[in-house]
Amino acid sequence: MNLSENDLWLLSYYRSSEINGALFFGRVARTMRPSKLQAEVTHHFADEAQHARYWTECINDLDCDPVKLRGSYQDQYLQAAGMPANLMEVMAITQVFEKRVIGQYHQHLKAPGLHPRIRQTIERIMEDERWHIKYVRDALTEMEGRYDAAHVAETVERFSQADQEVYAKTLAEYGERVAFLRAEAEAR
Amino acid sequence: MTVEVGSLRRATSDSDSAIRPQNAIPVLLVASEASLDVGALTAGESTQLAALPGASRGALWLTARRALRLALAGTGRPTDTSAHRFPSPVASLSHSADLAVAAVLAADHDGVAGVGVDIELDRVPDPRTASFFLTESERGWLDSVPTDEVPAELTRLWTVKEALFKADPGNADTALRDYEVADPAAMDGRATRPGEIDFQYVSLARPRGVLSVALALSESWKVDPVQTVDFDLMASRISSLISVPIERLAPDATIAELVPDSFMFIEVAVDLQEEFDVILSQHDLRDVHTLGDLAQLLRSRQAEQANV
Chain R
1 MNLSENDLWL
11 LSYYRSSEIN
21 GALFFGRVAR
31 TMRPSKLQAE
41 VTHHFADEAQ
51 HARYWTECIN
61 DLDCDPVKLR
71 GSYQDQYLQA
81 AGMPANLMEV
91 MAITQVFEKR
101 VIGQYHQHLK
111 APGLHPRIRQ
121 TIERIMEDER
131 WHIKYVRDAL
141 TEMEGRYDAA
151 HVAETVERFS
161 QADQEVYAKT
171 LAEYGERVAF
181 LRAEAEAR
Chain A
1 MTVEVGSLRR
11 ATSDSDSAIR
21 PQNAIPVLLV
31 ASEASLDVGA
41 LTAGESTQLA
51 ALPGASRGAL
61 WLTARRALRL
71 ALAGTGRPTD
81 TSAHRFPSPV
91 ASLSHSADLA
101 VAAVLAADHD
111 GVAGVGVDIE
121 LDRVPDPRTA
131 SFFLTESERG
141 WLDSVPTDEV
151 PAELTRLWTV
161 KEALFKADPG
171 NADTALRDYE
181 VADPAAMDGR
191 ATRPGEIDFQ
201 YVSLARPRGV
211 LSVALALSES
221 WKVDPVQTVD
231 FDLMASRISS
241 LISVPIERLA
251 PDATIAELVP
261 DSFMFIEVAV
271 DLQEEFDVIL
281 SQHDLRDVHT
291 LGDLAQLLRS
301 RQAEQANV
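From first to last, the protein sequence lines stand for chains R and A.
Terminal number for the first sequence in our numbering: 188, no gaps in between.
Terminal number for the second sequence in our numbering: 308, no gaps in between.
Treat the hints as calculated values from the structure; they're not laboratory data.
Just so it is clear, CB atoms sit at the ideal spot from N, CA and C, and this is done for glycine as well.
All clues stand as given, with none of them false.
Residues from chain R that face chain A, not an exhaustive set, calculated with beta carbons under 10 Å:
#1 F24
#2 R27
#3 R30
#4 Q74
#5 A81
#6 P84
#7 N86
#8 R146
#9 H151
Stretches of chain R that chain A covers, calculated by requiring three or more beta carbons in the stretch to come under 8 Å of a beta carbon on chain A:
#10 31 to 40
#11 87 to 100
Starting from the given sequences, assemble the full structure and let the hints guide the process.
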């Protein structure tokens, strides 16, 4: 076995969150009318499912099996910020979440002694994540006319605050498993 | 063959730039290289043929009329082609080389004001003529196209413009450059004669050239209203989303019991807003407990937002 228990848990947590992301965007995609945005959300849905597969393969290549985890980061978002009530709010929470994902993966890349196979997986996923940020940002800009620019900004801010709460709570809850993240957060 | 030309629906947001694809409209295309037998012409067709100057013009006309007859028959319409005047809300004709093509709406559609088709085979417009049929922005796009692709793109845009012109019921005083496509690179998409009429078109690559079909959109179609909130319709959509029999979805049914999964509730909320073209907030949803509450909320938001 090439993974510590904590590493296995963390990679499985990533995998579980990607699966939940895929399920979420799949559901959003099927509610939307055909449009450019729907095509992008569908693409996003497919990306998240692929990312889950990448993590499964990565874990398997390191001679482990993923751990089945029920909760995910997204679940906690809904508790902290409330459910997104419309398409703009879905995009707003997605933007905040995607930024968090990129930040998280970026920090993980800086973890000492990172296994090359894990690095490869994160870098592969981050290529897609950059596009996710861009299309969601563009969608929110386009929605400013219908939803009001100030309201869009407030919504993003509300979800950003929730994100910080959830992240702090996650670090507190799983501090031992993600020590390298906590050390970095405390250093700020 | 049948092609589907994207239909349009009223925008539900500013981001949708006025129109958005919804249900495609089928158009039957029939090509013919053979002529219609003169002996089979109706009286009206015979009169029209007799009025044409020259034998070669007559031969082309007969080939086109054969294609049109077949297309009319294929869509279940009377086959006397002399009953159709162009621009037509139902049919259009084009020919190139020895081939004629007829385009006929598969079924009558209130939203279609005109049909246009154009085919070009074995011919490329002279690039110097681009300013006569392309707008400035379209020419700007063409300048960005790799040199070896310019002839094909120019031909495609020519057929698009011709199809738009033919589809336009008010084309008497228009020129091809009066029509503008939303995305010159797109094989299918939107076009407009600004301030007058909107179109949807599709282009198809053919072995020796290209063919385009356009539909002009009537005002009634452009303002196709979104669904009015009706409890049964709302319940029907929810039923299909959450896989609960519609009989259980009474106005006093509690949402928390029906949709305990929060992700599923988001799906239901977004779906209903998309369907009924309303915006709901978290605050709105906080006060909603039953399906009856939800229907009432959707109705009141729809009324409010329609008056904005």
